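Participant: As given, the protein sequences belong to chains R and L, one line each in that order. Here numbering that gives the first Met the number 0 is used: the first residue of the first sequence is 0, the next is one more, and so on. Here numbering that gives the first Met the number 0 is used: the first residue of the second sequence is 0, the next is one more, and so on.
Which stretches of chain L does chain R cover? Using the computed rule of at least three CB atoms under 8 Å from a CB of chain R, they are:
| hint | region |
| --- | --- |
| 1 | 86-97 |
| 2 | 172-180 |
| 3 | 188-194 |
| 4 | 205-213 |
Hint data in this document are derived by calculation from the structure and do not stem from the laboratory. Keep in mind the model is a prediction, meaning the values are calculated, not measured. Just so it is clear, CB atoms sit at the ideal spot from N, CA and C, and this is done for glycine as well.
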Amino acid sequence: MKRIAGTTLLLVLASTLLAAAVQDQPAHPSVQGTIHAIQPKSGSLDLVTGVGMALRIVHVAAPTTARLAPAGAPLSTLKRGDIVRVQCHWSGKQLVADRIDKVGAR
Amino acid sequence: MRASVRLFLLLVLAASGCARPTHPGDPISGLTPAQLDRFRRGRAVFDSVFTPETGLGPLFNSAACRECHEDPVSGGSGDEIEVHATAFHLDGICDPLAGEGGPVIQQNATPALKAALGIDKEPLPKDATARGLRSSLAIFGRGMLDAVPDSDIASYQDPDDKNHDGISGRVNRFVDGRIGRFGRKAFVPALDEFNAGAFTIEMGITNPAVPTEESIGGNSIPAGVDPVPEPEIDQRALDLANDFVRFLAPPSPLRQTGAAGAGRHLFDRIGCASCHFPTLRTGRNSVRALDRKRFFAYTDLLLHDMGPDLADICLGRAEPSEFRTEPLIGLRLAHHFLHDGRADSLEQAIELHGGEGTGARDRFRALPPKKRAALLAFLKTL
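In isolation and in its complexed conformation, chain L is listed as follows:
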């Protein structure tokens, strides 16, 4: 191809907004060299393996962020399953059991804690009314989700189903009243807060944002069990880890030709897109690469009633059967589906949709086999 033709094609591609496809683990495109440097150094913090001598525990789920987010690269999914527990009361109030060690029940204890208390994990709080399992999902594109304005999320709500489409999403709210978006129950409002909390609840690594260790069922940690002074990582390390997660790109969908192309239209037609909004747009952002960008999200970040068969814990305003619409970013890389990983295939995951997902599920069931296959082929491009 002549150089002038090649240049012309490149200019056409650039003008049409086509960018190089992003692969799992890539940074979002358009970062400055300084931001790229922070992404790389942040990945090193994300990959760091902690030990009791560097602050791990005394209660923890994993020894590194990467341990649960590793497949196929840092930031991907993991095969770990977490245990959460809360108490849902008859007056509709959800108690996250903060006074009994909080909603995340750590499944490991350091040798020093085992020696002191004879426990090898956090006991389930005595006041818990329900327990929920949580699979470890990929966190690609979370910086983009973080940058979607609250006002956009709120505008998608239809709590009274005024448009009579059977879908009545609503926002969840954090304990201080802010709109939530992260976690399977859309409880946490901001990515940096989710990460800072995760250092402590998942690894027992205190940091400037969460300078105190988790209690053990509400009781203090025995003296001498956790000798590393708080905070166990500094603000610099926390900020770097945040930047790695924030700058992780959503992997570009694969080409949607043939059956997958037809499946994309079916996704809209049978109502999947009523909750799994294909694209969202970020708001104004000081990071140019995150500023007013439209991206493939396949979520509305709202809570939806998914029916009694999937129900587990409450959290914030989310009732036991309400879950956030799962973003389908990087879906092709997942091995298990739904909040607790109970579905081993996409087809099974769709079949398990209840509540507000019933209509779309039933329309999927009613499709002829060829069209069902087309829809699944489309999902496997995401």
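Same shape as in the complex, but just chain R:
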């Protein structure tokens, strides 16, 4: 009985923490960075972002039908080294692109 109560308490705590973490994330984040890798067919972008010299890779799913805003060019025109701004939403723990703007080229 004690074990069940303890497990229940842990689950409640974990879900509360997870809810708090989700609340901290903006619903529609914007990510701007350099393309590290792009897979237009499978629909994903890896962007290098960061603060100062602390750099991170952010993985963004992009629907295979996605087009570059505003001209509508296909994602396959993007190259490694291009700089993009991606408006996203969260789908579970996954960032999904809603709009991709190319803001600079290598």
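Got chain R sorted already, so can you dock chain L onto it with the hints?
Facilitator: Positioned in the frame of chain R, the structure of chain L alone reads:
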């Protein structure tokens, strides 16, 4: 001296813009009492020594900001040498190896990380094509550099050397496209971002701006190795540390009389000032002491090709042989020179200038000994 004469002289000095000279570690003049208070409290954060129990690591280079910036005062230089690594590809793309732990390779590990993985530093990323060493420089006057408008820096560029002076500086850009200015490759756009990143990459101290630890060569930190919850310092501490660095004054140059005075003219004449611009001006700024101030900077904040002998890593758009013109602020306090500290004297540092610095170097070599000594005497007043 009669009091009225003294008052008259003081008024003349004030009207002519002469201010009390600033010494290493002083705050910039003209701060409000509240800003001075933040400068002092920020210095305490800067001097704080972290331990694993307060968030240090698990990978780190130093346990305190001051550890690398301590000589002769907080904000000065240090004798630590860092290791950086990136990958430069044939298509001209620079990979900062963000997926393999980033370009800064931490040289220390906490006991818990050593016990878990058996490593005492971060391994060099397997995809690195080059490694670069970085000395720990003084950070006086960085708030002034931070306040120079991007448009000014961009206006100094001459990437195609249209004026045919052999100098073709260009801006570097951060991963999001903004103009960079901080770091030896002018990669980081803003001082507060450089500082927030430094807390994490140098000490493993997460903060609200960088809430995640560095990975270990791209792999997650083993469970239980870093039990302090993120962020390991709060926004208040981060802001105070930022204000300390932002408000650190550039030390006033010493009096340039005699040989040093002649050296100042030679500095211009042989072309050093083509990249080491003697003064820059800050733009509009909400801090009055930083608002539209001209200051001695001796940099253009641009990238210049320094030749193959100095080349190491790429970063952003900076190719391996490109480096930002080093600000010569507080130069007289330095013991080692160039980005990796390889030069033990100013003369040796000048001799090692290549690429776009070749012309000025050769003109320096051609000077008679007395004039060379004058130029070095001038540099030792900065």
